[in-house]
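Engineer: The lines below spell out each chain.
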Amino acid sequence: MDIVFENVNYTYQPNTPFSHQALKDISLEIKSGSFVAIVGHTGSGKSTLLQHLNALLQPTSGRITLGNTELPGADHEQIKTIRQRVGLLFQYPEHQLFEETVKKELLFGPKNFGFDLKQVETELSEALQEVGLDESALGRSPFELSGGQMKRVALASMLLAKPQVLVLDEPTAGLDPLGQKKMMQLFQSLHENKQHTVVLVTHNMDDAMKYAEKVVVLNQGTVDCFKSPRELINERERLKAIGLEVPEPVEFVEYMKAHLGVLWEEEDINEQTISRTLIKHLKGGATS
Amino acid sequence: MIQFDQVSYQYKSNSPYVLNDVNLSIDEGEWVSILGQNGSGKSTAAKLLNGLLRPVEGRVIIDDTEITDDTVYQVRRHVGMVFQNPENQFVGTTVLDDVAFGLENIGVPREEMIKRIDESLKQVDMLEYKNHEPTKLSGGQKQRIAIASVLAMRPEIIVFDEATSMLDPIGKKEIIETMRYLHEQYNLTIITITHDLNEAAYSDRVITLHNGSIWFQGTPRHLFQYGEKLEEVGLEPTLITKVYHSLKRESFAVKEEPLHFKELVDELWTLYLKT
Chain A
455 MDIVFENVNY
465 TYQPNTPFSH
475 QALKDISLEI
485 KSGSFVAIVG
495 HTGSGKSTLL
505 QHLNALLQPT
515 SGRITLGNTE
525 LPGADHEQIK
535 TIRQRVGLLF
545 QYPEHQLFEE
555 TVKKELLFGP
565 KNFGFDLKQV
575 ETELSEALQE
585 VGLDESALGR
595 SPFELSGGQM
605 KRVALASMLL
615 AKPQVLVLDE
625 PTAGLDPLGQ
635 KKMMQLFQSL
645 HENKQHTVVL
655 VTHNMDDAMK
665 YAEKVVVLNQ
675 GTVDCFKSPR
685 ELINERERLK
695 AIGLEVPEPV
705 EFVEYMKAHL
715 GVLWEEEDIN
725 EQTISRTLIK
735 HLKGGATS
Chain B
107 MIQFDQVSYQ
117 YKSNSPYVLN
127 DVNLSIDEGE
137 WVSILGQNGS
147 GKSTAAKLLN
157 GLLRPVEGRV
167 IIDDTEITDD
177 TVYQVRRHVG
187 MVFQNPENQF
197 VGTTVLDDVA
207 FGLENIGVPR
217 EEMIKRIDES
227 LKQVDMLEYK
237 NHEPTKLSGG
247 QKQRIAIASV
257 LAMRPEIIVF
267 DEATSMLDPI
277 GKKEIIETMR
287 YLHEQYNLTI
297 ITITHDLNEA
307 AYSDRVITLH
317 NGSIWFQGTP
327 RHLFQYGEKL
337 EEVGLEPTLI
347 TKVYHSLKRE
357 SFAVKEEPLH
367 FKELVDELWT
377 LYLKT
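If you read the sequences in order, they're chains A and B.
Sequential numbering of the first sequence, starting at 455, is according to my numbering.
Sequential numbering of the second sequence, starting at 107, is according to my numbering.
Honestly, the hints are just simulated from the structure, not real lab data.
Since the model is a prediction, treat every value here as computed from it, not as a measurement.
The C-beta atom is built at its ideal place from N, Cα and C for all residues, glycine as well.
A couple of the hints might just be wrong.
To be verified - If the Cβ cut is set under 7 angstroms, some of the chain B residues that face chain A in the computed set are:
#1 349
#2 365
#3 371
Unchecked claim - Where chain A lies over chain B, by a calculated footprint (3+ residues, C-beta under 8 angstroms):
#4 202 to 212
#5 337 to 348
#6 352 to 361
Claimed, not checked - Below are the BS3-like pairs computed for lysine-lysine, each with C-alpha atoms no more than 30 angstroms apart in a straight line:
#7 A/557 x A/668
#8 A/635 x B/228
#9 A/694 x B/368
#10 B/236 x A/636
#11 A/534 x A/572
So here's chain A without its partners, still in its complex pose (with noise of 0.2 angstroms):
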């Protein structure tokens, strides 16, 4: 399903002196089964933003259409069904766990969409093993578990309810390196082999160049720019006057072509292609 925003404006605590307008006039177009990173630092509303692709929060002001679905002005119905398609995995595991153990948490979800239950009984184990979790972990206690454990649950439970659109908010906040690289691979094949429409909520810009098709940054409430990584690496300037960094690899080449001389001639950058440019200089340096 394709998500529209039309001059979407958001207001918390509309007309008292509390008044914070975090959204202003957000026009985007998330194209169904596309991967789309969100970035912007502290306070450019990105969570703000995710909280009206389930319609958590919804519009002050425009319109949001979800699949054939508009916001505002959606019944209770609709707005369930919405919750069933977009799937929210939150940064705290801990704020969206709260059954006595992990097989009751997987069953909620789907329970609550009104989904057979036998049926989705026998989907568990698959479930638990497409994330990297053990058969074992459905009688333990969500709150016995590991930071990434928990996240690997809420994952599942998420899953579960067989959302066309998954909206991830940090999911690799607070794993170990491997852990990260294994999750981002479990979403690049979600994305691939089951055409899911991924949006990914980060500040980190490594993850969002690197598997991202295209990438909106956020500025204070406003869309900045909304580019594929590769239009977005020329902008580096941009990006670090609003408090983003550039990926490290990006930086690193920079710092090469200043200082070595290096001629950069490859279209992406990474660890392979910045050592295969350094030892074709080196050798040619070399000898010359």
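Following the hints, put chain B in place on chain A, whose structure we already have.
Structural biologist: Same frame as chain A, but now just chain B:
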């Protein structure tokens, strides 16, 4: 000085040991990184350092005092802790209240309290935010307030338990800068529990844990020589380590394992391009 003397720990009597016969010692004024993947035992080690957990076997000794039920509160005054999630450590409605909280608890007189609050906020470069609400600050700023609260208690040792892992890259840099400053200016003993090798590069020494045992102990430079082997213990070599090792495979004469990309580029410049 901190000493682990044959320390083992398990959470329940029938569950596996998360630390297994660990011996280590950390000197006064040293900056040590404890590295390892999730489940390696590094956070358990951190909690043993200030008596949040007590060893099942062995002893933890801080400055000649073994941590026991009788000494734990005394020891805790010397060992401050900064945790992973800054959101979970705020108690005050303003930055000032928050830093004051610990001091009130130990009954520091008002005059002294005001002095210490200003000093510690200055140490983390947050003095101008004294009357701000903590909730409005960025992740890096919140974590600096948490550090100020710890500093106000005047500990000799600060343990950072994955204190940068939830932060954006700019917040991470802020915290690492703060650690360097405190280490250099005040000779504090700093222990960082982390899985980020870029962060560990700044420390004097690293201890890598794997499955509850010490897998490596030495300088960061020495650790980085393991290159891709680091992945076996769940650590990701830094970009610069990967690039350096691919140059080495092509037999380029680069002398020393680099810690940062500037080191590598500068050395290449000297070696190959100066002539």
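Engineer: Given the proposed pairing of residue 557 of chain A with residue 668 of chain A, does the C-alpha separation stay at or below 30 angstroms?
Structural biologist: violated (36 angstroms)
Engineer: Taking 30 angstroms as the top limit, are the C-alpha atoms of residue 635 of chain A and residue 228 of chain B close enough?
Structural biologist: violated (38 angstroms)
Engineer: Starting from residue 534 of chain A, check that the Cα of residue 572 of chain A is at most 30 angstroms away, please.
Structural biologist: holds (22 angstroms)
Engineer: Please verify the coverage claim for the segment 202 to 212 of chain B: does it have three or more residues whose C-beta sits within 8 angstroms of some C-beta in chain A?
Structural biologist: Result for this restraint: violated, n = 0.
Engineer: Holds or violated: residue 236 of chain B with residue 636 of chain A, Cα cutoff 30 angstroms?
Structural biologist: Violated - the C-alpha atoms of residue 636 of chain A and residue 236 of chain B are around 41 angstroms apart, more than 30 angstroms.
Engineer: Have a go at the residue 371 of chain B hint: is there a Cβ in chain A nearer than 7 angstroms to its own Cβ?
Structural biologist: With Cβ-Cβ at 5 angstroms, under 7 angstroms, it holds.
Engineer: If you look at each residue in the segment 337 to 348 of chain B, do at least three have a Cβ nearer than 8 angstroms to any Cβ of chain A?
Structural biologist: holds (count 7)
Engineer: Holds or violated: residue 349 of chain B as interface residue toward chain A, Cβ cutoff 7 angstroms?
Structural biologist: Where the cut-off is 7 angstroms and the nearest Cβ of chain A is about 5 angstroms from residue 349 of chain B, the hint holds.
Engineer: Measuring from the C-beta of residue 365 of chain B to each C-beta in chain A, is the shortest one below 7 angstroms?
Structural biologist: Cβ of residue 365 of chain B sits 14 angstroms from chain A, so the hint is violated.
Engineer: Please count how many residues of the segment 352 to 361 of chain B have a CB within 8 angstroms of a CB from chain A and say whether that reaches 3.
Structural biologist: holds (count 4)
Engineer: Holds or violated: residue 694 of chain A with residue 368 of chain B, Cα cutoff 30 angstroms?
Structural biologist: holds (20 angstroms)
The structure is inconsistent with the numbered hints 2, 4, 7, 8, 10, although it conforms to all the rest.
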